[in-house]
Amino acid sequence: MQTDAPRPMFDTDELVINMGPQHPSTHGVLRLILRLDGERVVSCDPVIGYLHRGVEKLSENRDYTQIVLLTDRMDYVAAATNNLGYVETVEKLYGLEVPRRARYIRTILSELQRVASHLLWLGTHAADLGALTVLLFGLRERELVLDLFEEYCGARLTYNAMRIGGQPVDVPVGWDKKVLAFCDVQEQKLPEYEQLLTGNRIFMERTKAVGVISAADAVAVGLCGPPLRASGVYRDVRKDEPYAAYEEMEFDVPLGVAGDTYDRYLVRLEEFRQSLRIIRQAVQGLPEGPIMGKVPRLIKPPAGETYHAIEAPKGELGYFIASDGKSASPYRFRVRPPSFCNLQALPQLVKGHLVADVVALIGTIDIVLGEVDR
Amino acid sequence: MAEAVAFYICAALILGFGALVITAKSTVHSVLYLVADFLCVAALYVMLQAPFLAVIQVMVYAGGIVVLYLFVVMLVNLKRPPEAHSDPRRLGRLGVAMAAAVLVEFAAIFALGWAKPASAGGALSPNNVEQIGRALYTDYLIPFEVASVLLLVAMIGAIVLAKREL
Amino acid sequence: MVEALILPLVKIVIVLVAVLVTVMYIVLLERKVQAWVQVRLGPMRVGPHGILQPLADVLKLFVKEDITPARADKWVFTAAPIIVLVPALIAFAVIPFAGDLTLFGLTIPGRIADVNVGLLYVISVAGIGIYGIILGGWSSNSKWALLGSLRSSAQLISYEIAVTMTLVTVIMLAGTLSMVGIVQAQLAKGWWFGFMQPVAFFIYFVGALAETNRAPFDLPEAEQELVAGFHTEYSGMRFAFYFLAEYANMIVVSTVATTLFLGGWLAPFPNVSWLSFLGLVPGWAWFMLKTFGFLYAFLWVRATFPRYRYDQLMRLGWKWLIPLAILNVVVTGLLKVLV
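Residue numbers (the numbering used here), protein chains in the order written: chain A, 1 to 374; chain B, 1001 to 1166; chain C, 2001 to 2339.
Take the hints with a grain of salt, since some may be wrong.
[Unchecked claim] When the alpha-carbon atoms are kept at most 25 Å apart in a straight line, the in silico SDA-like pairs for lysine to any residue are as follows:
hint : chain 1 : residue 1 : chain 2 : residue 2
1    : C       : Lys2143   : A       : Val47
2    : A       : Lys294    : A       : Val169
3    : A       : Lys177    : A       : Val47
4    : C       : Lys2074   : B       : Lys1163
5    : B       : Lys1163   : A       : Glu14
6    : B       : Lys1163   : C       : Lys2011
7    : A       : Lys294    : A       : Thr198
8    : C       : Lys2143   : A       : Cys44
[Claimed, not checked] Some chain C residues judged to face chain B by a derived CB distance under 10 Å, without partners named:
hint : residue
9    : Ile2134
10   : Ser2149
11   : Met2172
12   : Thr2176
These aren't lab readings, by the way, just hints derived from the structure by calculation. Note that the structure is predicted; figures quoted are calculated from it, not measured. Backbone N, C-alpha and C fix where the C-beta goes; we use that ideal spot for every residue, glycine too.
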């Protein structure tokens, strides 16, 4: 609260309002304590923890194989990348070799997941700004991705689609063709969203110069993923520390210039195209071979600890696992969730903006409360 | 006959609402009664075959000015400590002075015979909008223009007060 | 007796029922149109293609619990929805729905009343509706509702100025304030005023969107930001009143637009002889058609555009629409004098 500001002529009070945890656009159970001067936000305190389920502690009492299923439930709109981050961390800790075909399948799945997650982001973000139609368009295409996932692993939301050391199942017959067909459909639909938003005067006025964060500030506050890249920082785990089959893929990392909400929108929109490019390459170059490496029955990694990060749709998703070498469950299990880190930038982003912008800014950092609270 | 009944109902309502305006405890309620009062006055105008005046009464007074009252009442915190309201001697003197002024005014009206019905004009044409317009822009042009300049000055003054750094 | 008392009463009942039924079905139409735009089906369960959905909605609102929040100003809280609804309904008194009809040897004017200040009446009555919104938000004793109501009333007052300015140009062209007179003036000129005053028509359309709290100006009830704005705390029938009033207001502005800019009950191009077969369609049908066309534009806009932010909305109103409307008045006046 600012107290050193000169008092206005009339005695005006700051209005303190609670946004959430039951609020239609806090994307779950986020609670914001907003101090308003008129409609302008003076300060914003996010209150989290309403969806805390103790995933980390729970994991320390489960087998390594059982934890895959728990990771599904963190970022529940991007379960496949959660799985990927976890299994790769265990593989790194254990020193397991993953067959090339499995790594390709993982790449396809995680890029499909990125498309699905970004579609949901695009829809909800636009809906928060009042453009409801984009939400429905986004859900329409996301449905196609979910169908692909359903055909691959049988689930539509919590996939449990990866195993330590490889993939549980091979791709179904004809699945690769469907994936390519989806890529074509999605490519055609992208201009539809752009037509509704990119050039729209109202959308531009709502997003340009709103929530600007400079590259230095973005790094300092620990932003990751598309919001960081929209500020012009070249950081993509897929390029910097390649995992799965990303070193064999050719793709660009879109960067923003202004670091505002509009640039974050443009960056994610370009990521759609890059994801489709990666999916096409991976499907067409899918190698033959086994899908499961040599993995012991009981996974009991040697004593030690490791950290491994991947580029989840929302940013850098890292897992830290410490093993005591004796038990079949981690001694310490810690997640570095991108939503949580990006949420930290929110108070800085909303300061000085209007209440209506708070909604736009919650949308633009793309958080999932399941992942923030774990 | 019917007109007389309607008039007395309207008049009673006007006086009743007027009394409520000054006796209501909540300022917002007062403002509301004021709106009702204005609407009844508009009804009187309709009975006088002055629909233009009636509509303007509703539009400007009930629809415009009182909305601003309401804004001010809602936005400015009126919950002052009670003693600020009650300085009995000061308020008493003010009240007596104002009542005396009104009395003198009434006396003057009756004595000078202004309350007599207007003799000129005769039957009003049903379309008296044009008559009002003609009167405003010919006989009363100067007062009309002066009033508009006055409003303009008030408007500029308000803007200057609100935005000093402009 | 028949002409003085019974006929107006019958007409009032007809108009009221027609308006209320239209409101019910506008809601359904809105859901359907939006659904079609958004590759959905919309309501499909109640009746074939959901045509009985409005009845179900009304029934639901009737039986819902009507909650008054703790520490709310009870009387004002109850009165506010009524204050919103009544002006929306009585505005229909001066709308000319059709020309004169002849029935059983009786000439029936196709309107409830033809007041010589009809247009001013509509404006002033619309101004009263603002009270319901301010008071509803204030009396709910809720910060969200208060914010919503302040936004809403500021928005309504700002855009009313621009809209009224556009009406001035129409009055200048028609030379009358009577709604019937304005339609007759369009017949005499041979052009709908919408063609003669495209700028005014455009400003009126934008202002109408803002005055009825419709997208992209639906800030007062921006559900993503303020939950539901001034009627956050309302439920049951009192909420239904707000809802009714909003849609009734949509119909009011559409009928006013039809009368002022689209030639009211006239068939298109009434003085082009080879199009005279269009006159076979009765006037009220033309009126309905035009009104629904205008209403459809409301729904279409809602399905397409994002929402303006509060300050942007104010800037648009004060820095663009109002100056443009005033300029339009000046230009119209100049043309009237010069040409």
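Quick rundown of the hints versus the structure:
{"no.": "1", "hint": "C:Lys2143 - A:Val47", "in the structure": "20 Å, holds"}
{"no.": "2", "hint": "A:Lys294 - A:Val169", "in the structure": "15 Å, holds"}
{"no.": "3", "hint": "A:Lys177 - A:Val47", "in the structure": "45 Å, violated"}
{"no.": "4", "hint": "C:Lys2074 - B:Lys1163", "in the structure": "38 Å, violated"}
{"no.": "5", "hint": "B:Lys1163 - A:Glu14", "in the structure": "20 Å, holds"}
{"no.": "6", "hint": "B:Lys1163 - C:Lys2011", "in the structure": "52 Å, violated"}
{"no.": "7", "hint": "A:Lys294 - A:Thr198", "in the structure": "49 Å, violated"}
{"no.": "8", "hint": "C:Lys2143 - A:Cys44", "in the structure": "17 Å, holds"}
{"no.": "9", "hint": "Ile2134", "in the structure": "6 Å, holds"}
{"no.": "10", "hint": "Ser2149", "in the structure": "9 Å, holds"}
{"no.": "11", "hint": "Met2172", "in the structure": "13 Å, violated"}
{"no.": "12", "hint": "Thr2176", "in the structure": "9 Å, holds"}
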